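One letter stands for each residue in the lines below.
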Amino acid sequence: MTAWLFKVFLLCLLNVAVALLLAPLCEGLMRKLRAAIHSRIGPPITQPYWDLLKLLGKEDLRSTRGSVYAAMPALTLGSALLLSALIPLAGMRAPLAFAGDLIVVLYVATISGVLIMLVGFASASPYASIGSSREMMMLLSVEPILAVALTVGAFKAKTLTLGGIINWQVQNGPSISMAIGGVAFFLALQAVAGKLPFDIAEADQEIMGGSLVEQSGPRLALFRWAMWVKQLVLALLLVQVFFPWPHFGIPPVDLVTTAVKVLLVLILVAVIDVVNPRLRIDQAMGYFMRVGVSSLAALAFAVIGK
Amino acid sequence: MTTAVRNIEASIVILIAGSLVSLLFARWRKLCGWVSFAIVCASSVCTGLAVVRTFAAASDERTILSLPQLGSRLSLRIDPLSAIFLAIVAVIALLSALYSVRYMEHYAHDSVAKFFPILLLCIASMTGVLVCTDFLFFLIFWESMTLTSYFLVTFETENAASQRAGLKYFIITHGATLCMVAAALLVWRTSGSFAFDAIRQSLSALLVAQPLLAHTIIFLFFLGFATKAGVLPMGDWLPDAHPVAPSGMSAILSGALVKLGIYGLLRVFCSFVVAPASLKGWGIVLALAGTGSLFVGTLTALRQTDTKRLMAFHTIGQIGYICLGLGVGTYCLGTHPALATIALAGTILHAINHACFKSCLFLGAGSVLYRTGNRDMDQLGGLAHSMPFTTGTTAIASLSIAGVPPLNGFASKWLIIAACLLTGMRFPLFLLLGLIALFISLATLASFLKVLASVFLGKADESRAVEEVPISMIVPQVTLAALCVLLGIFPQLVLRFVGRAIEGVTAMPLTGVGAPGMWSGLQIIDGSAVGFWSPIAILAALAVLALLSYAIQRAGGAQSRSVPVWYCGEEHTPSTVRYPASSLYLPFKHAFQGIYPSGRIPVPRFPASLRRALDFDRWLYTPSVKAIDRTADRVSRTHVGIPQIYLLWIVIGAIVVTGILLWLRT
Numbered sequence: 001m002t003a004w005l006f007k008v009f010l011l012c013l014l015n016v017a018v019a020l021l022l023a024p025l026c027e028g029l030m031r032k033l034r035a036a037i038h039s040r041i042g043p044p045i046t047q048p049y050w051d052l053l054k055l056l057g058k059e060d061l062r063s064t065r066g067s068v069y070a071a072m073p074a075l076t077l078g079s080a081l082l083l084s085a086l087i088p089l090a091g092m093r094a095p096l097a098f099a100g101d102l103i104v105v106l107y108v109a110t111i112s113g114v115l116i117m118l119v120g121f122a123s124a125s126p127y128a129s130i131g132s133s134r135e136m137m138m139l140l141s142v143e144p145i146l147a148v149a150l151t152v153g154a155f156k157a158k159t160l161t162l163g164g165i166i167n168w169q170v171q172n173g174p175s176i177s178m179a180i181g182g183v184a185f186f187l188a189l190q191a192v193a194g195k196l197p198f199d200i201a202e203a204d205q206e207i208m209g210g211s212l213v214e215q216s217g218p219r220l221a222l223f224r225w226a227m228w229v230k231q232l233v234l235a236l237l238l239v240q241v242f243f244p245w246p247h248f249g250i251p252p253v254d255l256v257t258t259a260v261k262v263l264l265v266l267i268l269v270a271v272i273d274v275v276n277p278r279l280r281i282d283q284a285m286g287y288f289m290r291v292g293v294s295s296l297a298a299l300a301f302a303v304i305g306k
Numbered sequence: 001m002t003t004a005v006r007n008i009e010a011s012i013v014i015l016i017a018g019s020l021v022s023l024l025f026a027r028w029r030k031l032c033g034w035v036s037f038a039i040v041c042a043s044s045v046c047t048g049l050a051v052v053r054t055f056a057a058a059s060d061e062r063t064i065l066s067l068p069q070l071g072s073r074l075s076l077r078i079d080p081l082s083a084i085f086l087a088i089v090a091v092i093a094l095l096s097a098l099y100s101v102r103y104m105e106h107y108a109h110d111s112v113a114k115f116f117p118i119l120l121l122c123i124a125s126m127t128g129v130l131v132c133t134d135f136l137f138f139l140i141f142w143e144s145m146t147l148t149s150y151f152l153v154t155f156e157t158e159n160a161a162s163q164r165a166g167l168k169y170f171i172i173t174h175g176a177t178l179c180m181v182a183a184a185l186l187v188w189r190t191s192g193s194f195a196f197d198a199i200r201q202s203l204s205a206l207l208v209a210q211p212l213l214a215h216t217i218i219f220l221f222f223l224g225f226a227t228k229a230g231v232l233p234m235g236d237w238l239p240d241a242h243p244v245a246p247s248g249m250s251a252i253l254s255g256a257l258v259k260l261g262i263y264g265l266l267r268v269f270c271s272f273v274v275a276p277a278s279l280k281g282w283g284i285v286l287a288l289a290g291t292g293s294l295f296v297g298t299l300t301a302l303r304q305t306d307t308k309r310l311m312a313f314h315t316i317g318q319i320g321y322i323c324l325g326l327g328v329g330t331y332c333l334g335t336h337p338a339l340a341t342i343a344l345a346g347t348i349l350h351a352i353n354h355a356c357f358k359s360c361l362f363l364g365a366g367s368v369l370y371r372t373g374n375r376d377m378d379q380l381g382g383l384a385h386s387m388p389f390t391t392g393t394t395a396i397a398s399l400s401i402a403g404v405p406p407l408n409g410f411a412s413k414w415l416i417i418a419a420c421l422l423t424g425m426r427f428p429l430f431l432l433l434g435l436i437a438l439f440i441s442l443a444t445l446a447s448f449l450k451v452l453a454s455v456f457l458g459k460a461d462e463s464r465a466v467e468e469v470p471i472s473m474i475v476p477q478v479t480l481a482a483l484c485v486l487l488g489i490f491p492q493l494v495l496r497f498v499g500r501a502i503e504g505v506t507a508m509p510l511t512g513v514g515a516p517g518m519w520s521g522l523q524i525i526d527g528s529a530v531g532f533w534s535p536i537a538i539l540a541a542l543a544v545l546a547l548l549s550y551a552i553q554r555a556g557g558a559q560s561r562s563v564p565v566w567y568c569g570e571e572h573t574p575s576t577v578r579y580p581a582s583s584l585y586l587p588f589k590h591a592f593q594g595i596y597p598s599g600r601i602p603v604p605r606f607p608a609s610l611r612r613a614l615d616f617d618r619w620l621y622t623p624s625v626k627a628i629d630r631t632a633d634r635v636s637r638t639h640v641g642i643p644q645i646y647l648l649w650i651v652i653g654a655i656v657v658t659g660i661l662l663w664l665r666t
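First to last, the protein sequences are chains A and B.
Heads up: the first sequence at position 24 corresponds to 24 in the working numbering, and the numbers run straight through without jumps.
Heads up: the second sequence at position 2 corresponds to 2 in the working numbering, and the numbers run straight through without jumps.
Mixed in with the good hints, there may be bad ones.
Facing chain B, according to a computed beta carbon distance under 7 Å, are these residues of chain A, among others [said to hold, decoys possible]:
id, residue
1, 60
2, 101
3, 122
4, 126
5, 133
6, 158
Per label pair, the in silico range of CB-to-CB distance [unchecked claim]:
id, chain 1, residue 1, chain 2, residue 2, range
7, B, 277, A, 2, 47 to 57 Å
8, A, 70, B, 461, 16 to 26 Å
9, B, 432, A, 39, 40 to 50 Å
10, A, 21, B, 277, 52 to 62 Å
11, B, 428, A, 250, 30 to 40 Å
12, A, 71, B, 561, 17 to 27 Å
13, A, 71, B, 466, 39 to 49 Å
14, B, 540, A, 174, 19 to 29 Å
Derived by calculation from the structure, the hints in this document are not laboratory data.
Remember, it's a predicted structure, so these values are computed and weren't measured experimentally.
Yeah, the Cβ is synthetic: ideal placement off N, Cα and C, and Gly gets one too.
Can you build the whole structure from these sequences, using the hints too?
Here you go:
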């Protein structure tokens, strides 16, 4: 029992460490790429690390008192990291696979967003309230798409575990329904990561960062970090569930291929981010409504066995 | 020797006798409250003993009154299913009674004689409904429950809205009761008995011999119970009636009373109907009704700005989840026993969990109303610092109803959604319903974030000083919130009893849900283990990771300082720049406008001729009074006050009398 717990703990630690330490690097890469498309030199790839380091030492200005409010950043980053322990890094089994299936993953994926919204409402700034309201609407329009896409996998593999779905994918190869599901998941990822044209909730030029307008210093650092972790982990989920090939069965090799695929996904996200202007919230909602309805086609294909 | 049934009898007798006692004390408001609370305490202890005894030993049956001519007898029996609902009623009644002691001060102009005695009778009839094994007496208890709750809903006699809502409640629920009476009589005509066992036998015989009649009977039962449970469109009474009742009663209505509709549906569909083919059809009907009401109810709730009305719409939504689970369970009952048990476990667990969080939410809204006198979210705000307990408990209950893990709402939603998805792998319609349920749980979250944001968070206006509610109102809220957390982290605690209940009703052991150990939590088993949820492991991981994050946050040793909110350099007061509840999610609300059709029913005019015929004042009393008056007036004109004239009258009178006498002689 203790040995088993220890093993689970070590595997969790690996997942968490990878997510925590590589998330800023991915963000740095995406910034560099954006600069390249803008024909700028841009910041060094390590810039997000320096940003975090600087913020951790800055003065922490709080507009609201209270211990729950004070604990919010740690809980937010903690729940984003928890998500990383629920998703397999390489191979089939996540460290906490015994503790949560895909429904749990879907619910846990919303926790960090919910906490950020609550912080926005609690900070008493009207800009933060508007940001939180928009964030909630984006979540409402995007989350069903993630759910539909993962359900296609569950339907195919006849199981609710992520490991089972990945296993089925590796065994059976690509299928039309999973491809459509993957595309829908990718389109939703753009909004979950808060990138253009869907950075409506932050919209720096209109509402000055939305929910986080009153955050500063280490609190802001943790919220930023949580968002980067979430973006990386959801890209990992996309790659693992919908595009797990080629699968070699040797963990280090799989780790490398997964990392490459995740980077490709994030680069694509960054490119879309650069070449698009921001949409209005109602336009974005209409867009995702259409994506959501189209993604039901994946379900239909799955039902007829494609 | 005391048995479970004896305990329940004692509980009902205590409540009925207690209602008279509390009536005696009605003149002293606070004392009456405490006396009633003591009575509910005693009865809840008896009910609790009965529940414990039911799970410890096999249930017994006791006949109190027998009416062989009617084929009916008043006999009481407690099986595990009724024991679970009895536990819900006992706990919610106890906490609401404690809460109401101080809360009723809010209604200074209405006598508590209209509240506490009737509340006790209402609890007694709810208890009675759950232990009856005979439909005639079931209906008697059911009707007394409906009537007493009607009087509690219309408690504020001066308030036109509450009277109107009460009338709507009265009419709709009596329509439902009529359906149930019709169903019971139709069964009685064939079997000659009102007993549940006889109904089961004759219904299964009818399903073979006269399917049309049998399905009509089932449909009538469905209408009757679903109306009480608040399944749309029959549950239209609920969003009007729940908000206008005093908050303690709202908590009982939403937490316990609507659950009895679910109890009835469980009885009808899981134990009365036995043919697998007809179960499938009814399973789909139930699941569609449930999905419809969770979709429409929750999205309508999102538009509300009155706290209690919003919560009432969420009751419709959550009952929709329960009904969806029941539908999936009914669908699978004949063919996939493991899946059926998953869905039914989710159904009963969600009924228990809903009792905890929804009662807590109504009590929280009541506390805000008690201190601020306001239910309008647009005018409230920033109560978090002045009412920390109410804020904390409402926040826990809000996250719980939205299904944020690891609180209790998640465990049951997880079971229901997993059952939907797994059944969907055999019959894809359920896949769609499961996805809608997932989406709506997010809409629930949006709606309760709105409540938290606009009532509790943000900055308060300095002008209004608000303090926390008294301790006797805090205790029930904290207890319910603690239950939300406890049942969320240890769902196994309740699941064992839920399994017994399912086995008692359907005669199938709980094969679909396994609880292998503390760390591994719950497993969904469909052939092999296909779903996992371990609250302890998730919570432990979250705690460790949050501590790690906190260490990172403190690593730089940054100082913190309190600053005012930054309004881009302008000076504002919090109230002028507050983002009101009605503005939140506006584009989303526009997208789902008109989802809840509302039409005014034209009130039929009272026929004028009948009104005139019934108006005795007009054609009988007033004319006769006037005639008498006029006559008296004329008579009085002869009294002119001159003695000579009076003498003249006397002389004339004497002559006339003499003349008459003479004439008579001849």
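Hints and how they fare:
The beta carbon of residue 60 (chain A) is positioned within 7 Å of a beta carbon in chain B (closest approach about 4 Å), and the interface hint is therefore held. Here the hint on residue 101 (chain A) is kept, as its CB sits about 4 Å from the closest CB of chain B, short of 7 Å. Taken as an interface hint, residue 122 (chain A) checks out: its beta carbon lies about 5 Å from the nearest beta carbon of chain B, inside 7 Å. A hinted interface residue such as residue 126 (chain A) counts as satisfied when its beta carbon comes closer than 7 Å to some beta carbon of chain B; here the least separation is about 5 Å, so the hint holds.
Given the 7 Å rule on beta carbons, the hint for residue 133 (chain A) holds: about 5 Å separates it from the nearest Cβ of chain B. At a threshold of 7 Å, the smallest CB-CB gap from residue 158 (chain A) to chain B is about 6 Å, leaving the interface hint in force. Restraint check, residue 277 (chain B) to residue 2 (chain A): a C-beta distance of roughly 53 Å satisfies the suggested window 47 to 57 Å. Hint check: residue 70 (chain A) to residue 461 (chain B), Cβ distance near 24 Å, so the stated range 16 to 26 Å holds.
Distance hint for residue 432 (chain B) and residue 39 (chain A): a CB-CB separation of about 48 Å, consistent with the stated range 40 to 50 Å. Between residue 21 (chain A) and residue 277 (chain B) the CB atoms are about 59 Å apart, so this pair conforms to the stated range of 52 to 62 Å. Checked against the given bound of 30 to 40 Å, the beta carbons of residue 428 (chain B) and residue 250 (chain A), roughly 38 Å apart, stay inside it. Hint check: residue 71 (chain A) to residue 561 (chain B), Cβ distance near 18 Å, so the stated range 17 to 27 Å holds.
For residue 71 (chain A) and residue 466 (chain B), the hinted distance range of 39 to 49 Å is not satisfied, since their beta carbons lie about 24 Å from each other. At about 38 Å, the CB distance of residue 540 (chain B) to residue 174 (chain A) disagrees with the hint of 19 to 29 Å.
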